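Colleague: When you get a sec, could you build the whole thing from the sequences and use the hints?
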Amino acid sequence: MLSYMALPYAASRGGARTTGSRPATDTPVTEWIRVVGAREHNLADIDVEIPKRRLTVVTGVSGSGKSSLVFDTVAAEAQRQLHETLPAFVRGFLPSFGHPDVDMIENLSAVVLIDQRRLGGGARSTVGTATDIAPLLRLLFSRAGTPHIGASDAFSFNMPAGMCPACEGIGVVTDVDMDAFLDDSRSLNEGALLAPTFKVGTWHWQIYAESGLFDPDKPIRDYSEEERHTLLRGTAGPVSLEVRGQRVNATYEGAVDKFLRLHVHKDGGELSDRARRTAARFTTSLPCPDCGGARLSRAALDCRVLGHGIAELSAMEATHLLDVLATFDLPAVAPIVEALRARVGHLVDIGLGYLSLDRPTDTLSGGESQRVKIVRHLASTLTDLLYVFDEPSTGLHARDVRRLTDLLFRLRDNGNTVLVVEHDRDVIAAADHVIDIGPGAGVDGGTVVFAGEVEALASSGTLTGRHLRARTRLKGQVRRPTGWLPVVGATLHNLRDLSVEFPTGVLTVVSGVAGSGKSSLVHGALRAQHPDVVVVDQSAPTANRRSTAATYTGALDPIRRAFARANGVSPALFSANSAGACPACEGTGVVVTDLAFLDDMTSTCETCEGRRFTQDVLAHRLDGASISDVLEMTVGRALEFFAGNRSVAPILRALADVGLDYLQLGQPLTSLSGGECQRIKLASHLHRRGAVYVMDEPTTGLHMSDVARLLEVLDHLVDERGSTVIVIEHDLDVVAHADWVVDLGPEGGSAGGRLLFQGTPSALLDVPDSHTATHLRRALGLDPDDTRDPA
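If you count by the UniProt record's numbering, then the sequence shown holds residues 1 to 791, one letter each, in order.
By construction, these hints were calculated from the structure, which means they are not laboratory data.
A few of these clues could be false.
[Claimed, not checked] EDC-like mimics (lysine to aspartate or glutamate), calculated; alpha carbons at most 20 angstroms apart, straight line:
{"no.": "1", "residue 1": "Lys373", "residue 2": "Asp115"}
{"no.": "2", "residue 1": "Lys258", "residue 2": "Glu226"}
{"no.": "3", "residue 1": "Lys199", "residue 2": "Glu210"}
{"no.": "4", "residue 1": "Lys475", "residue 2": "Asp733"}
{"no.": "5", "residue 1": "Lys218", "residue 2": "Asp179"}
{"no.": "6", "residue 1": "Lys218", "residue 2": "Asp184"}
{"no.": "7", "residue 1": "Lys199", "residue 2": "Asp179"}
{"no.": "8", "residue 1": "Lys373", "residue 2": "Asp406"}
{"no.": "9", "residue 1": "Lys258", "residue 2": "Glu210"}
{"no.": "10", "residue 1": "Lys199", "residue 2": "Glu226"}
{"no.": "11", "residue 1": "Lys258", "residue 2": "Asp183"}
{"no.": "12", "residue 1": "Lys475", "residue 2": "Asp766"}
{"no.": "13", "residue 1": "Lys373", "residue 2": "Asp132"}
{"no.": "14", "residue 1": "Lys52", "residue 2": "Asp132"}
{"no.": "15", "residue 1": "Lys258", "residue 2": "Asp177"}
{"no.": "16", "residue 1": "Lys199", "residue 2": "Glu253"}
{"no.": "17", "residue 1": "Lys258", "residue 2": "Asp175"}
{"no.": "18", "residue 1": "Lys218", "residue 2": "Glu190"}
{"no.": "19", "residue 1": "Lys475", "residue 2": "Glu720"}
{"no.": "20", "residue 1": "Lys52", "residue 2": "Asp413"}
{"no.": "21", "residue 1": "Lys258", "residue 2": "Asp179"}
{"no.": "22", "residue 1": "Lys373", "residue 2": "Asp362"}
[Unchecked claim] Across the chosen pairs, the derived CB separations fall in these ranges:
{"no.": "23", "residue 1": "Arg721", "residue 2": "Arg274", "range": "34 to 44 angstroms"}
{"no.": "24", "residue 1": "Glu712", "residue 2": "Arg274", "range": "43 to 53 angstroms"}
{"no.": "25", "residue 1": "Ala332", "residue 2": "Ala166", "range": "27 to 37 angstroms"}
{"no.": "26", "residue 1": "Arg277", "residue 2": "Gly759", "range": "13 to 23 angstroms"}
{"no.": "27", "residue 1": "Ser547", "residue 2": "Arg721", "range": "25 to 35 angstroms"}
{"no.": "28", "residue 1": "Asp616", "residue 2": "Thr383", "range": "52 to 62 angstroms"}
{"no.": "29", "residue 1": "Glu640", "residue 2": "Asp101", "range": "23 to 33 angstroms"}
{"no.": "30", "residue 1": "Asp497", "residue 2": "Glu338", "range": "39 to 49 angstroms"}
{"no.": "31", "residue 1": "Glu31", "residue 2": "His83", "range": "22 to 32 angstroms"}
{"no.": "32", "residue 1": "Gln246", "residue 2": "Phe89", "range": "53 to 63 angstroms"}
{"no.": "33", "residue 1": "Thr482", "residue 2": "Asp101", "range": "44 to 54 angstroms"}
{"no.": "34", "residue 1": "Thr670", "residue 2": "Arg274", "range": "17 to 27 angstroms"}
{"no.": "35", "residue 1": "Arg247", "residue 2": "Arg274", "range": "25 to 35 angstroms"}
{"no.": "36", "residue 1": "Asp183", "residue 2": "Ala708", "range": "29 to 39 angstroms"}
None of the values given here were measured: they were computed from a predicted structure.
Don't be surprised by glycine CBs; every beta carbon is placed ideally from N, CA and C.
Modeller: Written as C-alpha cells, this is what we have:
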C-alpha cells in the first residue's frame, strides 16, 4: 500500500480539471508511473504514483527530498534504462547513470531532462546555435540570399567555409595590452618588458638585450619608430648570442609576437593554466577588425535576403526579429521562413524576447539557460515522453509565469508527461496533480505528505498548503535610510544613462521583468562605482569533489583541533584528505570499480564501511562521538553538540540562520542547489558588520515557508549588524517586505533599461506602467480576481 493512502488521494484519480489558460486533455487517466521503495538520499522508503500525460508539480520545503525523488530516482532511472538500449560502444561515450536506491519503477517513458545547468559550448555557442534557429537562418541565406555564395556552411562561423579568417569565427581577437606589457620609461636592462617571460637575465630577454639591434641601456621611449617596431613586431632573422662562452644562433621574433605565440596561441598543444593566467595579465580582447565582431567571412556578410544581412538578423532581439520575419514573402523558401517564425516565436513566448541569436550562451543565467533548452523541444511532435523541469520559473517575473505554464500545457497536451520541481504559487496552481514532500528538511523530510489536486492541497494543512492560501502583506513600517549610494550615468548594456540612489541601512529590492537591466545596474554599474560591496550570487562555491559544508565554511578546522586536544594527537588525523584517511578508499567512503563498457560500480568501502577514516582514527572520541559521527550530524544537531565551542558554534549558527540547519556537515558541495550555494556563501560573510550586501535572487530554490526565514536573516543583517542589503528579486513577498524598491522596465532588452520607480513598496502600487506594481496589487488582494485567503 502506498504510504500516503490515508490522505484524500482517491479523488485525484478522477477526471481532468481545467487549469490556467489551457484545459487538460479529456482522456481519463489510466496510467501511472509507479515508484516503490525509493530511498535515495533522505527519501524514507517511499511509494508514489505520478499520473502519465499530466502536469505534475513536486513541491516541499528546501531539502525535503524533491530533487532526490524527481531527478536522482525517476529521471536517473529513465536515463539509465534508455542508455542500456544502446550498444556498449556507444554507451562508452555517454554519461553513466548508476542504479538509484529504489525497489522498482514501473511505466517509465523516455526522459527529456531540462535542468538549470548553464549552457556550455564555449566561445562558439550562441542562443542561435543552442536553439537550432541559427541552422535555419543559414539555410535561408544559402537558398534565398544574393549574391549566392554556396551551401549553408558558408554562413556558419563554426565552419572554415564561413568563419572570418582573422578571428577564426570567435568574433574577438586577443592582443597584447601595451600598458601592462611595456614600461617605455625603462631600458631593456632595467626590465622594460614587464611580462615574466622576458625577465632580465632570462634566455628570451637575452635575444633582445644582447642581439646588437638595440642599446640595452636606452629607455624604450627614446627608440626610433623602426627600433620600436623591431623590438615588438620585428622578424630580424637569426641573431648571434654568447651562451656560456660559446656563440649560438637564435631565431629573432618580436616580443609581442613571441608572447602571443607562447601564451595565447596553442603553438602545437594545449595551453597550461599558468600560461593562461599569464596571458590574462598582459592581454586584452577586442572586436575583430576584419568582421567587426560578426564572426563571419566577408562573403557571408555581404550576402542579403530582402536587404537584410545574416549578421544583422542575428543581432536583433527576438521580438524585433519576429517582426522582420513576418515581412518575408518568399514562396520559394516558405517552409524555412515558417519554421524560423515558429522557433523565434517560441523564444518570445517563453519570455526571452529580449535575447538576440548572437548572444553567447555562457552569458545566460541558469533560468535563461533552462528556458532556452525548452525552445528546442516545443516543435517536437514526439509523444509519451517524460519531460522533467527544475524550477523553470527561476528568473521569471510574475508577468511571465503565465507564459511558462502555457508552454508546459502545450507539452502535456501533445501527449507527454510533465514533471516539475517548483515553489512558485502560480505554477503549483496550474498543476493537474501535486506531490508534496516533507514535512521538514533532511532527516525530517523524505516522506509524501500530500498527493492529489491543488484544491485539496490548499486545505491539507501542510506547509505548502497553508502558504498557498496565504496572501502577501506589506511591511507595517519601513526603515529610514542612513545614507545613499549613488550610481550615476549607467549605460551598460540596455541601461539608458541611468542614475539611481541606493539607500544605506535598509533592505532594497531591485525588480523588473527579465532583461529589464537589473543585473546590469547592480552587478555592473553599482559594483563598478562601489567596488567594496559584498556580492553573494548563485554560482557554485569554488571547491573540489572532496569539499563539504564543513570544509567550505571553515568549521572543520576547529572541529579537528577539538578532537586533537581531547585525544592528544595531531589534527591531521581527523582529515579524510590527509593522515587519517582510509587507505582503501582514500577517504572518499566509496570504491568505484571500472567495468569497461558497463556502468561503473560504486560500492561502500568495506574497510571503513563508508566512514572515510581508519579504525584507529574512528576510535578517538569527542564527548562520545567519532569524527565520522560528527560529519554525519546536521547543522542543527551539531550546533547543540558544539554549543560550548566558541570557534565552531558561531559558524554553525550562521548556517542555521540562513536556513541550512538540515545540511549534514559532511555533505559534498556538489550536491547543493543554486539557492543553497548562495546561502552557504552568505553564511560565510555574516560576520562582517556594516557591509553592503548584494544578492542575486536569494529566494531561488526556497519554499514559500523558507522565504519568511530568509527575510528574517536579511532583517538581522540590517537591524543587528548595521548592514545595507540590496537584492535582485522577483518574489513578491520579498518586494512587499522591502524598505525601498528600484523598479526597472517597462520591458526587457531595448524596451527596458529605464527607471520606472524608486521608493517604498506602498508607493509602487500607484505606478501605472510597472508590471511589478500590477502583480504586487494582485498578490496583496487588490485584484478582485484573486481568491486567496487574506490570512
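Colleague: Are the hints correct? Go through all of them and say.
Modeller: Here is what the structure says about each hint:
no. : hint                                  : verdict
1   : Lys373 <-> Asp115                     : 9 angstroms, holds
2   : Lys258 <-> Glu226                     : 18 angstroms, holds
3   : Lys199 <-> Glu210                     : 14 angstroms, holds
4   : Lys475 <-> Asp733                     : 10 angstroms, holds
5   : Lys218 <-> Asp179                     : 19 angstroms, holds
6   : Lys218 <-> Asp184                     : 10 angstroms, holds
7   : Lys199 <-> Asp179                     : 17 angstroms, holds
8   : Lys373 <-> Asp406                     : 16 angstroms, holds
9   : Lys258 <-> Glu210                     : 17 angstroms, holds
10  : Lys199 <-> Glu226                     : 23 angstroms, violated
11  : Lys258 <-> Asp183                     : 18 angstroms, holds
12  : Lys475 <-> Asp766                     : 17 angstroms, holds
13  : Lys373 <-> Asp132                     : 10 angstroms, holds
14  : Lys52 <-> Asp132                      : 29 angstroms, violated
15  : Lys258 <-> Asp177                     : 14 angstroms, holds
16  : Lys199 <-> Glu253                     : 16 angstroms, holds
17  : Lys258 <-> Asp175                     : 12 angstroms, holds
18  : Lys218 <-> Glu190                     : 9 angstroms, holds
19  : Lys475 <-> Glu720                     : 18 angstroms, holds
20  : Lys52 <-> Asp413                      : 11 angstroms, holds
21  : Lys258 <-> Asp179                     : 17 angstroms, holds
22  : Lys373 <-> Asp362                     : 13 angstroms, holds
23  : Arg721 <-> Arg274: 34 to 44 angstroms : 40 angstroms, holds
24  : Glu712 <-> Arg274: 43 to 53 angstroms : 46 angstroms, holds
25  : Ala332 <-> Ala166: 27 to 37 angstroms : 34 angstroms, holds
26  : Arg277 <-> Gly759: 13 to 23 angstroms : 46 angstroms, violated
27  : Ser547 <-> Arg721: 25 to 35 angstroms : 27 angstroms, holds
28  : Asp616 <-> Thr383: 52 to 62 angstroms : 60 angstroms, holds
29  : Glu640 <-> Asp101: 23 to 33 angstroms : 29 angstroms, holds
30  : Asp497 <-> Glu338: 39 to 49 angstroms : 40 angstroms, holds
31  : Glu31 <-> His83: 22 to 32 angstroms   : 23 angstroms, holds
32  : Gln246 <-> Phe89: 53 to 63 angstroms  : 56 angstroms, holds
33  : Thr482 <-> Asp101: 44 to 54 angstroms : 53 angstroms, holds
34  : Thr670 <-> Arg274: 17 to 27 angstroms : 26 angstroms, holds
35  : Arg247 <-> Arg274: 25 to 35 angstroms : 32 angstroms, holds
36  : Asp183 <-> Ala708: 29 to 39 angstroms : 57 angstroms, violated
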